[in-house]
Amino acid sequence: MGKRKPAFVVVSDDEGTDEPPSSEPLITETKPFLTSQVGDSSLSCSIPTGKCGLPRRQSFTQSSDVQAWVDKYRPREVSDLAVHAKKIAEVREWMVNKLQRCDKPDHCGKVLLLVGPTGCGKTAVISVLMSKFEGAELCEWDPPVPTLWNEHLHHVNTGSEGYYDIPYVSKIQQFTEFLDGVTRYPLLPLPHESQDKGNSTSFLRKTVVEKQKVLLIDDLPIVHGRESILKLCHRLYNFALSVQFPTIVIVTDFLGNEEHGQGISTLTTDIVHTFESAGAKKITFNPITAIAVRKVLNRIMIAEKCTVSPELVSFVAESCGGDIRHAINCLQFLCIGSKSISCSWDPGGDIFLDKSKRKRGTGDNSSVKRKKLSQCKLLEKKCKSSIDCRDSSLSLFHALGKVLHNKRITEADKISGKNSIGFILKEELQRHPLNMEEPETLISQAHTDAASFLCFLHENVLEFVDEEGIEDVSVALTYFSDADCLLKSRKRSSSSFFSVHASDEIDPAHIGEAVAGSVCARGVLFANTHPSKPRWLSIRSPSIRQVDRLMNEKKIENYTKLLGVIQASHTMCTHVVQVAELEPLYKQLAYRKGQSNLTLTSKEIGSDLLFFPSQSLGIFSDMEAMDISNEMHVDDMISSEDEIEEW
Amino acid sequence: MASAASNPTTCSGKDYELPWVEKYRPHKIADIVGNEEAVSRLKVIAKDGNMPNLIFSGPPGTGKTTSILALAHELLGANFKEAVLELNASDDRGIDVVRSKIKMFAQKKVTLPLGRHKIILLDEADSMTSGAQQALRRTMEIYSNTTRFALACNTSAKIIEPIQSRCAIVRFSRLSDRDILDRLLKVVQTENVPYVPEGLEAVVFTADGDMRQALNNLQATYSGFHFVNQDNVFKVCDQPHPLHVINIIRHTVGGNIDDAYAGLKQLYDLGYSASDIITTLFRVVKNYEMPEFVKLEYLKEIGFAHMRIADGVGSILQLSGLLAKLCMARDKAITV
Chain A
91 MGKRKPAFVV
101 VSDDEGTDEP
111 PSSEPLITET
121 KPFLTSQVGD
131 SSLSCSIPTG
141 KCGLPRRQSF
151 TQSSDVQAWV
161 DKYRPREVSD
171 LAVHAKKIAE
181 VREWMVNKLQ
191 RCDKPDHCGK
201 VLLLVGPTGC
211 GKTAVISVLM
221 SKFEGAELCE
231 WDPPVPTLWN
241 EHLHHVNTGS
251 EGYYDIPYVS
261 KIQQFTEFLD
271 GVTRYPLLPL
281 PHESQDKGNS
291 TSFLRKTVVE
301 KQKVLLIDDL
311 PIVHGRESIL
321 KLCHRLYNFA
331 LSVQFPTIVI
341 VTDFLGNEEH
351 GQGISTLTTD
361 IVHTFESAGA
371 KKITFNPITA
381 IAVRKVLNRI
391 MIAEKCTVSP
401 ELVSFVAESC
411 GGDIRHAINC
421 LQFLCIGSKS
431 ISCSWDPGGD
441 IFLDKSKRKR
451 GTGDNSSVKR
461 KKLSQCKLLE
471 KKCKSSIDCR
481 DSSLSLFHAL
491 GKVLHNKRIT
501 EADKISGKNS
511 IGFILKEELQ
521 RHPLNMEEPE
531 TLISQAHTDA
541 ASFLCFLHEN
551 VLEFVDEEGI
561 EDVSVALTYF
571 SDADCLLKSR
581 KRSSSSFFSV
591 HASDEIDPAH
601 IGEAVAGSVC
611 ARGVLFANTH
621 PSKPRWLSIR
631 SPSIRQVDRL
641 MNEKKIENYT
651 KLLGVIQASH
661 TMCTHVVQVA
671 ELEPLYKQLA
681 YRKGQSNLTL
691 TSKEIGSDLL
701 FFPSQSLGIF
711 SDMEAMDISN
721 EMHVDDMISS
731 EDEIEEW
Chain B
23 MASAASNPTT
33 CSGKDYELPW
43 VEKYRPHKIA
53 DIVGNEEAVS
63 RLKVIAKDGN
73 MPNLIFSGPP
83 GTGKTTSILA
93 LAHELLGANF
103 KEAVLELNAS
113 DDRGIDVVRS
123 KIKMFAQKKV
133 TLPLGRHKII
143 LLDEADSMTS
153 GAQQALRRTM
163 EIYSNTTRFA
173 LACNTSAKII
183 EPIQSRCAIV
193 RFSRLSDRDI
203 LDRLLKVVQT
213 ENVPYVPEGL
223 EAVVFTADGD
233 MRQALNNLQA
243 TYSGFHFVNQ
253 DNVFKVCDQP
263 HPLHVINIIR
273 HTVGGNIDDA
283 YAGLKQLYDL
293 GYSASDIITT
303 LFRVVKNYEM
313 PEFVKLEYLK
323 EIGFAHMRIA
333 DGVGSILQLS
343 GLLAKLCMAR
353 DKAITV
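For the protein sequence lines, the chains are A and B, in the order given. Sequential numbering of the first sequence, starting at 91, is according to my numbering. Sequential numbering of the second sequence, starting at 23, is according to my numbering.
Since the hints were made in silico from the structure, they are not lab data. Beta carbons: idealized from backbone N, C-alpha and C, even for Gly. One or more hints might be untrue.
[Unchecked claim] Restraint ranges, calculated between C-beta atoms of paired labels, are given here: (1) A/N388 - B/T177: 29 to 39 Å; (2) B/F102 - A/R389: 34 to 44 Å; (3) A/N388 - B/G334: 56 to 66 Å; (4) A/N240 - B/E58: 38 to 48 Å; (5) A/N240 - B/A100: 25 to 35 Å; (6) A/G315 - B/N214: 54 to 64 Å; (7) B/D204 - A/H620: 39 to 49 Å; (8) A/M641 - B/N101: 46 to 56 Å.
Required output: the full structure, derived from the provided sequences and hints.
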């Protein structure tokens, strides 16, 4: 009991932050009260809840100048949202269905699942739309402050009384308890509130009490290992079936890098499958389009009266990869420099000043070409750019541009090497001196690893070589393949079975990467003897990345399906077998079932299979889970050829 | 030195030596060298307040931690002690700690002037587990009114996307040799270190854009030999002397394999491992003046040789094979 309550109290309290500073006093007023109430009833978890009233209230006295822009320009109206209108409509429809026709007893679809990459406005949509519904209130699961394991050990060892008060509870257990509590006692602390209330603002409260609760779960516990993932999924599945009131679950979907990502992305897919099979409605949010991001950024710029060139804004908008929050953060950081233009004592400010002047100068002759040129210049100006957006940085584009455009000093004599070396190069191997920094310096300023630099160069080099330069391309590709070879050796040597962190510890690996980087950059520079005419060429991000990403997603999807098959049939099979034999079988089954047009896709069967045993047989034993996870691990490691041999 | 060790209580002035890295760590943002654009923005933040959540990323020894600390000091001044929570990789930063310690701190009330916020410094944030980072996510958002985060890491890719999304990323790149040299000169003057310019050059070479390493090497050389010249520096740092390596390269560029091999043999007999030698070779070739094509081929061959050495074939045979290939690359390029 005591655990569950604060979780909800914090929630409404948390809602207070999202309100503009001028929000009605109602919410502020409640805080001291909540504090005391919680303080009476519960244990360790209540302390933070009580305290968090303080900074909040302080924030009401703060002027909005000291807020982060992300908070300051948090969307408040539906029109502020940069999310696609269709998605908003979908969410709203769900809310209307659930909130206004709540008397109808339907158990199937009480859960709404929002999936999307980070920063695409999932939470913003919910909070904006919910604020429009008069009769509903948003509650949020807020993980309680845990007992530290060390403290727990200390208490156990010393045998002090405190130990009995604060036992150590695992995260998943806390969450499970919370879910249990929620399903068992559907009406949340509200009636409680109204009874105890009474004294100061009771007449105001009366209206609020009637509000309907919508539960928001954002901070799902993170679990590792097959066993606990399944436990969590099972729990969520039961929860989704039995929950009495509308619930919104937000799942942030991201494919991280090797060491962080894998565990979480499988967890995400598992959770999504769980909810889907329990009849939850799933709405997938896409990354926000660059145009929408730019619109928001421009609005903020006008409100802030800061002078960042429009090119820069659109660059930020395009390179943030659909993450609007990050775009706003970037913009704020960029504007920090530009606001001090007036005093322009810093080199960064000078650059901006310079740019805005030029812009005004060329503003009159608005030929597209000029504009594009100035865009080129702008990129060059950003030579030491230190800020960037998540994946693709401005500085990366700058470095790529330099390498690809291949600017050389043409007036000077070709380097014949006579002066310093003492021999003369063959005519076809001589080049004009480079009109740029050393390629190694460029790469180190690009803030990227050699592998992605190589990918980018490979993707874009064709555009930058003239029609006649087909031989040049072949030379460049030779060097690319060499560089790739150098990189692959690094991967093979460092990413062995368990040493995940080896890559950044070994110094030689660093050298290998540096060599690969300079070979690919210098290779392009050397090979490109017919650079195409100076014009504006956009730099594409390598498609190989998307292929990789898709492949990873597919792999994960296959794993989940495979798992289902293993559970159902209690046989072992690898994913080669799965792809070659089971997939066609699924399709055939789908036809047999009479569902034409493959409406019942293999995916659905897979997910059916996944949950079939857990419903009918109960959760299978731990041993099996261990086996399966081991098996999958092995699958991971063995390449497909090995598997074929095995079979 | 010995006296300082025997009675550390009277550690004043010369007797007690702080590591120079600490002694000369800049305390003001204005004193930070390199990365001008990033630093200039930090200056503005220090003046105006309202620090956004920041991720500092860059290779070691480029001033990330220094600038975070300087920024926090300038922003908070006397309140530094109560308004800053600093956690680095040596602290426990699991999910529990994030959920309790960091959250508690975020909820703490500190009276600060307008526009100033409590700051949580997470140094070496890339060593935090992804679970802990996930747990940080909500805390970061909920308390953004009173608390801001500054994270330092070597590669921002190791910070999970949701955290990256909530921060502005400040990139630090390796310091230029010029910057490091300037700072070394300052230190050398204040410490009255006897030196020759070549010695400092050697220190800069060994540091490879890492200020911390440069200062450490300088101090090590000074306390070991009381004189900073090239030989002493390379003795302390125990790297193949680049002058030797430059000679080898010069011989290969001249097509003189016998002399090149003699130089290599000498280095190898001094006890340097193949990977030591190849590392220095790479650094030297990178900056050696030679025609573009030759340089490209040299780098490529060095890369392949390094690959074999990293696979465990670190014999002198590999290195001499490399020399032969370098000579051949040169022969391929010249006119007959």
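Consistency of the hints with the structure:
no.: 1; hint: A/N388 - B/T177: 29 to 39 Å; verdict: holds (32 Å)
no.: 2; hint: B/F102 - A/R389: 34 to 44 Å; verdict: holds (37 Å)
no.: 3; hint: A/N388 - B/G334: 56 to 66 Å; verdict: holds (57 Å)
no.: 4; hint: A/N240 - B/E58: 38 to 48 Å; verdict: holds (44 Å)
no.: 5; hint: A/N240 - B/A100: 25 to 35 Å; verdict: holds (32 Å)
no.: 6; hint: A/G315 - B/N214: 54 to 64 Å; verdict: holds (60 Å)
no.: 7; hint: B/D204 - A/H620: 39 to 49 Å; verdict: holds (42 Å)
no.: 8; hint: A/M641 - B/N101: 46 to 56 Å; verdict: holds (51 Å)
When each numbered hint is compared with the structure, no violation occurs for any of them.
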